[in-house]
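For the protein sequence lines, the chains are A and B, in the order given.
Using the working numbering, the first residue of the first sequence is number 27, and each one after it goes up by one.
Using the working numbering, the first residue of the second sequence is number 5, and each one after it goes up by one.
Hints are computed from structural coordinates only; laboratory data are not their basis.
Yeah, the Cβ is synthetic: ideal placement off N, Cα and C, and Gly gets one too.
Please note: incorrect hints may appear among the correct ones.
Stated by the list, open to error - Covered stretches of chain A (in silico footprint by chain B; criterion: 3 or more residues with CB under 8 Å from a CB of chain B, positions within the stretch not fixed):
1. 58-68
2. 150-158
3. 215-229
4. 295-301
To be verified - For each label pair, taking beta carbons as the anchor points, the in silico distance ranges come out as:
5. A:Leu323 with B:Arg118: 34 to 42 Å
6. B:Arg49 with A:Val360: 20 to 28 Å
7. B:Ile90 with A:Val360: 44 to 52 Å
8. A:Leu80 with B:Leu67: 31 to 39 Å
9. A:Trp285 with B:Ile90: 23 to 31 Å
10. A:Lys268 with B:Ile25: 19 to 27 Å
11. A:Pro148 with B:Ser97: 32 to 40 Å
The residues making up each chain are set out below.
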Amino acid sequence: MAVTLSPVSRSLRHRVHDATTAHVDISRLADDLTVLVPAYNEADSVADTVRSLLNQTCPPKTIVVIDDFSSDDTGNIARAAGATVLRPPHNTGTKAGAQNFALGHVTTSLTMAIDADTVLAPDAIEKLLPAMMDEGTAAACGFILPRHVRTVWERGRYMEYMFAFTFYKPTQDYFGKVLISSGCFSVYRTRELKRQGGWSTRTMAEDMDLTWSYHSQGYGVRFIPEAVCYPIEPHNFHFMSKQLRRWSHGFVQNVQLHWRSVLKVPYLRTLVAVALWDSFFGAFAYLLLIPLAAILLKNPLVLLTYFIDLPAILIPTLVTAVKRREVALTLTSVPSLFVLRYANCLFFLEAVWSNFVLRRPLRVYEKGH
Amino acid sequence: VNVGLPGTGIGALFYALSVLIMLSIEVGRLALGRSSSIRLRLSLRLGAMLSGVVLSLVLVDRLLAAIVAASGAYSTAYVASNGLIIVLATLVSVVGAANIAGVVMAARDHRRSRVAEAEG
């Protein structure tokens with residue numbers, strides 16, 4: 027059944043949520059929580075992830091690391107750090123496959139998904155769980171920031187996240203239509219998750235697929251900015267290209283898969299339409315129109331167009347940067363944003379070309395953080 | 005997964021207008037005595053950010069205008085105002101198309117379900 031929630035009805039839900047949050051025994055919620063950590067060759071980072079879960083102010087009942095047939099010591103390291111380790115009989119091929127392998131073993135009411143290269147702020151679970159007090163909420167996600175911000179790629183991603191999670195996501199949350207409950211750190215109501223058949227492997231972006239399915243069925247998805255996590259982002263172009271390829275194809279695949287149901291959900295359809303337009307025509311303008319205009323008008327000043335939206339990005343980003351005392355890091359990362367944006371454009375156009383023209387969708391999940 | 009090109013194109017304008025709508029909803033709720041402190045704080049915070057964004061965009065526009073005017077290339081006021089009109093018109097078209105398609109789709113589904121009800 028497709029139930030469409032208006033902003034007003036969502037607001038009413040929020041009000042119920044606001045009133046009850048103060049009285050929530052969050053520890054009791056955490057006792058009903060299983061954390062799933064899919065891991066393939068994550069020996070370098072999985073122990074940090076498990077330790078950050080164990081050191082939470084409200085630690086979860088169970089931490090399950092799914093050692094997806096790793097060829098390194100991921101399983102033993104995770105076990106030694108204090109997690110329960112499950113190992114499928116063969117590599118499942120995708121992160122979603124590994125998560126689904128473990129989902130059948132989950133008996134708690136809530137399930138959390140965290141990547142094996144992600145650590146949580148000590149109070150992340152405590153901050154995130156109250157969102158699940160509302161029975162209509164099927165999933166909730168938190169604020170994401172790269173753990174390391176050194177290379178141009180990490181810095182570009184840092185800027186993207188700082189901006190999107192400060193300005194875009196809270197707006198989406200207000201209107202009750204969070205675009206994506208990020209796969210690297212989200213909590214789900216287990217009953218609804220199992221009803222969806224877990225995480226689907228039909229697209230390269232299982233988190234987007236699940237979020238849009240929830241919205242289409244009238245479930246709520248929340249964004250809680252106080253719950254912070256720190257994944258390791260691609261540090262070089264090799265890994266970044268794998269991630270961007272997966273994400274771009276994932277977006278296009280989800281639009282192809284969900285467009286009918288998304289069109290029936292007010293605000294979500296507008297979010298998706300605007301994101302799709304900007305991804306395609308924005309990329310086109312960025313890569314072709316602006317340089318072409320500079321050449322035809324014989325005026326290099328036209329290239330200043332690239333920076334015209336800088337204040338729109340910088341102001342919200344600096345608001346969070348001041349709070350986190352990262353103003354210098356933010357300002358020195360600005361040039362990297364433009365490098366990453368250029369790469370984003372290339373990979374998105376490639377995804378559109380592959381899916382719509384060549385009819386060759388990406389089917390092989392290549393890990394790249 | 006991150007989608008699109010944050011900050012660019014019609015997206016930035018769309019979110020700015022969303023914040024304005026959010027603020028007007030909250031003012032209305034406040035007037036009716038149905039406001040929530042969490043929602044009100046969120047909308048005020050985003051509204052303050054939006055004010056900063058608009059102010060800084062105006063400043064950058066003035067700066068670019070000065071640079072371009074010094075080069076004597078063309079009227080920047082003309083370029084800036086036309087740029088805004090084009091972006092706004094594009095946003096209205098995209099949002100309008102998505103919403104019309106959504107309403108048509110919902111109406112079609114409704115009609116189908118009524119036909120199915122009548123038949124069976």
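Structure-based check of all given hints:
Counting residues of the segment 58-68 of chain A whose C-beta sits closer than 8 Å to any C-beta of chain B gives 0, which falls short of three, so the coverage hint is violated. Under a criterion of three residues with beta carbons nearer than 8 Å to beta carbons of chain B, the stated coverage of the segment 150-158 of chain A fails, only 0 such residues being counted. Check result for the segment 215-229 of chain A against chain B: violated, 0 residues qualifying (beta carbon to beta carbon below 8 Å, three or more required). Here's how the segment 295-301 of chain A fares: 6 of its residues keep a CB closer than 8 Å to some CB of chain B, so the rule of at least three is met and the hint holds.
A hinted range of 34 to 42 Å is violated for the C-beta pair A:Leu323 and B:Arg118, which are about 57 Å apart. Under the hint 20 to 28 Å, the C-beta atoms of B:Arg49 and A:Val360, about 23 Å apart, fit the expected range. With their beta carbons about 26 Å apart, B:Ile90 and A:Val360 fall outside the hinted range of 44 to 52 Å. For the pair A:Leu80 and B:Leu67, the supplied restraint of 31 to 39 Å is violated, since their beta-carbon distance comes to about 51 Å.
Our hint of 23 to 31 Å for A:Trp285 and B:Ile90 holds, since their Cβ atoms are close to 26 Å apart. The beta-carbon spacing between A:Lys268 and B:Ile25, approximately 38 Å, falls outside the hinted interval of 19 to 27 Å. For the pair A:Pro148 and B:Ser97, the beta carbons lie near 47 Å from each other, so the given range of 32 to 40 Å is not met.
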